[in-house]
Structure formats: structure tokens, C-alpha cells
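Sequences and hints are given; from them, build the entire structure.
2 protein chains.
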Amino acid sequence: MSLQDHTTTVHQAAEAAWDAFATYGRLPLSARAALLRTIAAQIEDLGDALLHTCAAETNLPEVRLRNERARTLFQLRSYADACEQGDWLEARIDTADTGRTPPKPDIRKLLVPLGPVAVFGSSNFPFAYSTAGGDTASALAAGCPVIVRAHFAHAQTSAMVAGAIEKAVAACGFHPGIFAHITEPGNEIGRALVMHPRIKAVGFTGSLAGGKAIWAYANERREPIPVFAEMSSVNPVYLLPQKLQSDPTALATQLAASITLGAGQFCTNPGLLIGIDGPALQTFAETLGQAIQQTLPVAMLHGGIADNYRAKRDLVLAEQGVETLATASVTATDIQDMPTVATVSGAAFLQNPQLHTEVFGPFSLLVRCANSAEMLQVATAMEGQLTATMMATEEDIKHSGALTAAIQNHCGRFIVNGVPTGVEVCLSMHHGGPWPSTTDSRFTSVGADAIKRFARPLCFQNCPDRLLPDALSDGNPLGLWRTVNNVLTQDPIAHG
Amino acid sequence: MSLQDHTTTVHQAAEAAWDAFATYGRLPLSARAALLRTIAAQIEDLGDALLHTCAAETNLPEVRLRNERARTLFQLRSYADACEQGDWLEARIDTADTGRTPPKPDIRKLLVPLGPVAVFGSSNFPFAYSTAGGDTASALAAGCPVIVRAHFAHAQTSAMVAGAIEKAVAACGFHPGIFAHITEPGNEIGRALVMHPRIKAVGFTGSLAGGKAIWAYANERREPIPVFAEMSSVNPVYLLPQKLQSDPTALATQLAASITLGAGQFCTNPGLLIGIDGPALQTFAETLGQAIQQTLPVAMLHGGIADNYRAKRDLVLAEQGVETLATASVTATDIQDMPTVATVSGAAFLQNPQLHTEVFGPFSLLVRCANSAEMLQVATAMEGQLTATMMATEEDIKHSGALTAAIQNHCGRFIVNGVPTGVEVCLSMHHGGPWPSTTDSRFTSVGADAIKRFARPLCFQNCPDRLLPDALSDGNPLGLWRTVNNVLTQDPIAHG
Numbered sequence: 000m001s002l003q004d005h006t007t008t009v010h011q012a013a014e015a016a017w018d019a020f021a022t023y024g025r026l027p028l029s030a031r032a033a034l035l036r037t038i039a040a041q042i043e044d045l046g047d048a049l050l051h052t053c054a055a056e057t058n059l060p061e062v063r064l065r066n067e068r069a070r071t072l073f074q075l076r077s078y079a080d081a082c083e084q085g086d087w088l089e090a091r092i093d094t095a096d097t098g099r100t101p102p103k104p105d106i107r108k109l110l111v112p113l114g115p116v117a118v119f120g121s122s123n124f125p126f127a128y129s130t131a132g133g134d135t136a137s138a139l140a141a142g143c144p145v146i147v148r149a150h151f152a153h154a155q156t157s158a159m160v161a162g163a164i165e166k167a168v169a170a171c172g173f174h175p176g177i178f179a180h181i182t183e184p185g186n187e188i189g190r191a192l193v194m195h196p197r198i199k200a201v202g203f204t205g206s207l208a209g210g211k212a213i214w215a216y217a218n219e220r221r222e223p224i225p226v227f228a229e230m231s232s233v234n235p236v237y238l239l240p241q242k243l244q245s246d247p248t249a250l251a252t253q254l255a256a257s258i259t260l261g262a263g264q265f266c267t268n269p270g271l272l273i274g275i276d277g278p279a280l281q282t283f284a285e286t287l288g289q290a291i292q293q294t295l296p297v298a299m300l301h302g303g304i305a306d307n308y309r310a311k312r313d314l315v316l317a318e319q320g321v322e323t324l325a326t327a328s329v330t331a332t333d334i335q336d337m338p339t340v341a342t343v344s345g346a347a348f349l350q351n352p353q354l355h356t357e358v359f360g361p362f363s364l365l366v367r368c369a370n371s372a373e374m375l376q377v378a379t380a381m382e383g384q385l386t387a388t389m390m391a392t393e394e395d396i397k398h399s400g401a402l403t404a405a406i407q408n409h410c411g412r413f414i415v416n417g418v419p420t421g422v423e424v425c426l427s428m429h430h431g432g433p434w435p436s437t438t439d440s441r442f443t444s445v446g447a448d449a450i451k452r453f454a455r456p457l458c459f460q461n462c463p464d465r466l467l468p469d470a471l472s473d474g475n476p477l478g479l480w481r482t483v484n485n486v487l488t489q490d491p492i493a494h495g
Numbered sequence: 000m001s002l003q004d005h006t007t008t009v010h011q012a013a014e015a016a017w018d019a020f021a022t023y024g025r026l027p028l029s030a031r032a033a034l035l036r037t038i039a040a041q042i043e044d045l046g047d048a049l050l051h052t053c054a055a056e057t058n059l060p061e062v063r064l065r066n067e068r069a070r071t072l073f074q075l076r077s078y079a080d081a082c083e084q085g086d087w088l089e090a091r092i093d094t095a096d097t098g099r100t101p102p103k104p105d106i107r108k109l110l111v112p113l114g115p116v117a118v119f120g121s122s123n124f125p126f127a128y129s130t131a132g133g134d135t136a137s138a139l140a141a142g143c144p145v146i147v148r149a150h151f152a153h154a155q156t157s158a159m160v161a162g163a164i165e166k167a168v169a170a171c172g173f174h175p176g177i178f179a180h181i182t183e184p185g186n187e188i189g190r191a192l193v194m195h196p197r198i199k200a201v202g203f204t205g206s207l208a209g210g211k212a213i214w215a216y217a218n219e220r221r222e223p224i225p226v227f228a229e230m231s232s233v234n235p236v237y238l239l240p241q242k243l244q245s246d247p248t249a250l251a252t253q254l255a256a257s258i259t260l261g262a263g264q265f266c267t268n269p270g271l272l273i274g275i276d277g278p279a280l281q282t283f284a285e286t287l288g289q290a291i292q293q294t295l296p297v298a299m300l301h302g303g304i305a306d307n308y309r310a311k312r313d314l315v316l317a318e319q320g321v322e323t324l325a326t327a328s329v330t331a332t333d334i335q336d337m338p339t340v341a342t343v344s345g346a347a348f349l350q351n352p353q354l355h356t357e358v359f360g361p362f363s364l365l366v367r368c369a370n371s372a373e374m375l376q377v378a379t380a381m382e383g384q385l386t387a388t389m390m391a392t393e394e395d396i397k398h399s400g401a402l403t404a405a406i407q408n409h410c411g412r413f414i415v416n417g418v419p420t421g422v423e424v425c426l427s428m429h430h431g432g433p434w435p436s437t438t439d440s441r442f443t444s445v446g447a448d449a450i451k452r453f454a455r456p457l458c459f460q461n462c463p464d465r466l467l468p469d470a471l472s473d474g475n476p477l478g479l480w481r482t483v484n485n486v487l488t489q490d491p492i493a494h495g
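Those protein sequence lines, which keep their order, are chains A and B.
Going by numbering that gives the first Met the number 0, the residue at position 168 of the first sequence is 167; the numbering climbs one at a time, nothing skipped.
Going by numbering that gives the first Met the number 0, the residue at position 361 of the second sequence is 360; the numbering climbs one at a time, nothing skipped.
It is possible that some hints are incorrect.
It does not matter which identical chain is meant; a pair holds if it fits inside one copy or across any two.
To be verified - Derived SDA-like pairs: lysine to any residue, alpha-carbon spacing no greater than 20 Å straight-line:
1) Lys451 / Asp86
2) Lys211 / Pro223
3) Lys103 / Ser77
4) Lys103 / Thr482
5) Lys397 / Pro468
Source of the hints: derived by calculation from the structure; they are not laboratory data.
Right, here's the structure in full:
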């Protein structure tokens, strides 16, 4: 397919989305929520055929896919609830004061949708962060039409889900431009999509290189647009002395399971373990090594991911001072992973930025610090991360104020005595973090606050009640929580 | 001063700010609020000497400066109140459910400060959007140290206000790195400040060229950072037929006053008036012309602004199809403004992007549309704006659904039957808008929501109560509104 054709495909989808935005962006919250619920129902109607197609494309086990589908349906339905409940609109009203000099006008504000959104799904979550995943669900909840760029690694799955979304849009009687599915391969079409003037925001989940490229395209535009790219994270786990001492074997077993979960193909995979050298860390390292050795290799998402995993892992293993602790003892095929753990001194880690980069897959690097001062140095030198974990007793924590602060400075989610894999879908979740883990640390891609990525405030001054959106009108017909003259309330505006 | 010296100045201030951030970013909200209130008191203590210094530097009349100082103090105090009240933290809690499979962890989230903020104040608001202006007040409220790049056009004023801030920091007993004032001239030092790795966000109010340059620097960094630049807006005013018909003279008089207010040196100056050709628009144009002719030239902020005003105005006047309607009849001196209005057909306006750009000063272009369809085309072609105004009767509005939507698409604040000049400081205000009016349409620079520009969410998973910030701890000691298990409440978390 020629470049011209690519441009035409994108252009048609983008213009249809813009046309749809004029009506969809102004539909009541309840109508948007109905669409999300209908999409969930249509995906359910695809039945197990969807799971089988996806398993064949991604090598992911059916039980995992069944759970991921459940998560995807939960996301659609819980974002529908959040959309309708309307707290995310941040409705604010300051009433007029005509007696003041100068008179104070009536001013009201709420969030409105940005416009058509381009979504680049991830390969590692073919349901939950792909075609009808978190980005699509939150953009639709915000009132934005969506154009999905299908992921080549699960093209048929994506087509089936796209069909379900299209059916849902039709069943709701909405404008068909609300959703489009672009299936042509090649980077050029992705660029054309991001650069199209009708596109007003981008959601992306994938590699650092991919996310940075899309972000750069968005900034080259005449009108730059926000890009929410989730890119790269090594998710450091800090092993504090007393906790490590208390049960190094249990910690190692817990972390080995997290490292190898789903062939390590999670953005929150713990790729870095940081402890202070000594007998406890030695025991930890040995147990971890044994667990990794005993892990059976499993097929990764596709050959490219497996090749990339091995190449990046081997780069790290070849760096000065890095020693392999263990590799799975069963030889893997080309498409299978090969769980590996390695170790390096804190001093070598601090000097070598290469060791700070993500190896996507079941790999983790154990950093042996000389003492707690070096651990603090490591935490201070860390780049932005989606998560950071502290394995610590209450006593450890009491003596670690500076370390805790340094850790919190570089992450979006701070976990105590847990593993970073497993991202709960709830309003309190923050799945995001400082650069380079994402392009915008201020927004989450998981949980209903993700809706706010695709909206901006619009302020109404001196606007007659019937020109106002329902969310801001005097009577508060939607029963929203609104901040009226600086006080949160569900009351209507009283005139008198 | 050499480049090396510049770099040293910036480096020292940025490192001190980073050092201060470790403590300041973790102070209770009440302590940050106390600092803002102490700054207000210290500025008040400067008395009328501050006004006289500023008047001499900026040519702004004392009465205007007195009002602007009052606004600045109000901002500091009202942001202090908002900071302490804590709604902006967006505290969210989802409690654990250990009975679920898999168990649901306890997850909590709130906004935390980004880190040191660089502030580039504006020339046109030497108090309210400069040294202790909205950006500084909201960054300090968020918990971020601030480094102000003094504006050359009111350097002494800036030094006096900086002195007041430094006194306030000392009076509160806080780390002196919380605030720094960089006075060296030249663009290179501004670039060094934006590029410094310790700086985590930038606030800017000024020209399109300046804002874009700073935004580009921020994106060149190894770790790109958010830039909140308020850059350029022509603030279109749409004159709807029935409203125009009903009293063209009154409308013209009201708008002439807004166009010439403060020598037109407001970012919300109405630079574009859009009506439908006919006798009423003719009357409007004549009245507007007469009012402008009778306006006495006044001194602008500085020679550069006056030169720039004339040059940009003359560029527009030289464009094809543009006719001058009126210029002030009294000849202006070099530093004085020269209020001017011109007119052009809708067709010519649509074809000529040059006519869409801001002329900073008392200039406005009246666009005569052939009919309402052409007015809709003009609204659709409009770039992003801080404000857009509709002069309209209820009947006009009833027939203008598409126009209203197009207008709301391109602005941050939608005003009905008012003038855009005059930006109320309140929570409902949105002073921001789509590119190129600002670099980030999702955030306001006026009103307490401005605090949120300088913060990002941090999520705590499975975190012991005493490691949590007060805002998230079970007992809710701050009495905040928090969303607990999806419900807004001020209640503490019950265990049982």
C-alpha cells in the first residue's frame, strides 16, 4: 500500500472522527456510559472464540486471557460508572456578586473532551491495553472519538474487538465516526495519524523508542498535542536490612515469581533488586538463583519480543562487573524466554547508565550496595519509574527518611512489602511516573482518573442557564458534587 | 558577565532549590499557607514605595498598580486558603479487600509537588504575574521551590518583591533555597535555567516566540518537563445579529473601552470583532471608530513594546483588503500607544493567516462576514484562544448551536455579553486555552486550580499508616474531602 493510501485511510478516519465529535462530545454522560457498557456486552458476546484467536496470536495461556478479558470488561464498566457519576468533570461554580466594585461575574467551569484520540495499543495486554483497553475506554468516557492503530502482533484479535465496538456504536445509534480501526502495517501510518490536525491527543503503551518517536511527532505539529505514552520502567525493589535479614528466602521466592510472571512481559516487572551486601543478601541471591534456574521457559508474545529480550539481556550481561546469577536450566526455543538474574556492585551500577535501562522480559539485576549510604545514592540516581517497592520492617522505615523520599521522588506508585506486578484497576491507582517511564507524570493510564487525560477545562462567564451544560446549570439535574463558592456540595444553586 | 558565570548562578540557585525541596515539599499544607500569607504581609510592608518604583519603571498609573497589588495579595491569600483546604490534593483511598481472589491491596493517592519551578514573569503585570505573582504563589502552594527570572522591564520592582519573599522565607524559618531571584540579563541564562536538571517545571507569561523557545528547550532536555506558557491570544468577539441590531452603539462603546483599557496591554484584549455586514454593523463600526479616535494615547510599558505594537499593527494594516477604520487623533510619542481599529471582509480574513495573529496593544480588527455561514467558517478556522465572547440575545443563541460549539472548541473561557478583559481570581476561572494561546490547554494560570500545574499523583500501595502523608492517613487529621471507595467523604477510615 502506498503512502498516499495510508494518508487517505488516516484522513478519512480522522475527518469522520471530527464529524462525530460534534455530536458525541456533547452527549450526556449517561449516553457515553451506555456505549461503554454496550461495548463490554459485545465483547462478551464474542465468547471463547476471542480467547482462542488471541491465544494463537500471542502465545498467552487461556487462563491469563480469560482474566485479562474480565479486567477489560471491568474497566469498561467501571469507567462507565465513573463517567456517569461525574466527579471527574471537576465542576466548579462561583456565583455573581453584583454588589461588588467592580461587579463579580458568574463563572463556572468543567472539563470538556479534547477531540479525536489516537490509540496505539500494547502487545503485552492484547485486551486490557489494546483495542478496547484502558485508553479507548477512558477517551470514550471523556467524550472523544477514538482511532485505534491495530497492533500487528494480535491483528485478528484486534479486528474482532474492533467489530464489537463498531456493533456497539451502531446499537447505540451513534455516529459511526466515533470509532475507527486502522490495520495497515508500517510506521508511516502511525506518524500520519499522530500528525493529522483533527487528532487532539494520543495514548500509547509500548517501548521507549516508540513512545519517544510519537511524542516527537506530536511536538512537530503546528498545534502540538498531549501524548500519554507509557514507555519504560525497571521498577526497582529496595530490600531494607532488617526485612532482608528476617526472611531472605521468602523474599527471594516472592520476587522470583514476580520476575517470571507472564514471561516477565509486564511494564511493572521488577527489573532491579537493590540490597546491602552481607550474608542475608547472599542467601537471598542463592534462593533467587535457584528459583530462576527451576523456572521453565515459556513462549513470549512473538519472535521479535524474544529476540529483543535476549539481545538486551546479553548487553547487560556483557557490561563490566555484571555476573550472571542464574538462568533457567531448560534450554529455550527461539520464541521462548530464558529467565535470568544477574548481579552487580552498587559502585558499578552507579557508574553505568546502561544498567539502568529496561530489559523487557524475565530478567532482573541484583545491585549489591556496600552500605545504606550507597543505597541512598542508587535511589537518588534512579530515573523515573512507574513503581518502586520497599521491602521493609517498621524499624527499617523509621531509619530511612531520606531513602523513602528519594524513592518517592522517582516513582508513580510506591509499594511497601508487595510486588509491583498486578496493577489494581481503581480510582486510587496511579499508573504513570516521571520521565522516561511515561511522557507525562501528571496522568494515569489505569483507573478512572485516566479519563481526565482526554479533557480540558472550559470556563463559562455570565452564561444564561440554558446555554450551560447540565453539569453546571443551577438546578444540578445530574446530582453532581460541585464546588460552589469554594465549598463542595450537591445542592442546586439558590437564587434569592 | 560570561556564560560560565550565568551557568554558575543558575546552578547554585537550582541546587539550593533542590536541597530546599527535600524539606519544603514535605511541610504540612498549613506551613506552606503560612509562607504565602507572610509573603503577602511583607509585600504590604513595602508600602507605597513599591508602587512608585513600579510606576516609574512601567509607566502604569498608580491607581492601576494599587489595584494590581491588591489582586496579588488576594492571590497569595486565596491560594493559601485553597492550599490548606486541600481539595486540590485529589486524595483518593481504596481500602484493602483481603477476601477477594486475588486479594485487593490498600491503595491511596494524592498529588505531590514536582520539584523546583522556574518562573518567567510578564511585563504587563509587574505584580500579579511576575515575581510574587500567580505562578510563584501556586508553585509555592504546591510545595515547589521557585526560581524567578526577573523581567528586565521592572527590575527594581522585582528586586523589592524578591526581597519581601526572602524576608518571608526567613521569618517562617524555612530553607533559603525555597526562593531565588535571578537578575542577570540575556536569553542564555533563561535557557540555562530551563535546561537545568533540578528544574522540574516552568511557568511563563509573555510572547508566542518566547513561550515557544522555552517549551522547545524543555523538550530538548534528557528529562523533558512541563512548561505552562501563556503566549498569544486575539480573543475574538462574535457579534450576533439580533444583539447587534438591538444596540450597536452601546456594544461599540463597551468594546472600545475594553480594547484601549491599560493601553491594550492585556492578554485578553479583544483583538478581533466578528459581525455580519449590514447597517447595524456599519453603525457599530462608526461608533467604534469615533471612540478610538477620541482615545488619548498613553505610555506603554516600555519602548520595545511600543515599537513592537506599531510594527505588528502596521503589518496587519498593510495586508490586502484591510482598511483602517480609525486611529487616535492625537499624535503619540515614541513610547505611547496609538489606538487603532481596522476592518476586513470575512473572505479576506479566512484566506490570510497573518490576520489571525496577535497585535499586542490597543488594536482590534473588525471582520465583516457576508452571512452567518461565513461567521461559522471564521469560528471554525480560529486558532486556540484564551477567551472567546458571544454578544447575543437568547433568540440569537437559540439559532446558533453550531457556532456556539465551534467557538467553545477554540477557547478556554467562553463569555456571553461581557468583555474578555478582567480575569476574575476564583476557583472556577480558567485562564488557559488551546495552542497557541498556551502550551497546555489542560491547566489554568489564574485561580487556585493553578496549583495543580506543579504537582503529580503519587500512589501508595500497602503502606503502613504512619508512613502515609497526613492527607491519606486513616484518621483524616486534616479533615479533607477524600474519595474513599469511590465516594466523596470527610469521614476517617473505619476499621472493623
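Among the hints numbered above, which are violated by the structure, and what are their numbers in rising order?
-> Result: no hint breaks.
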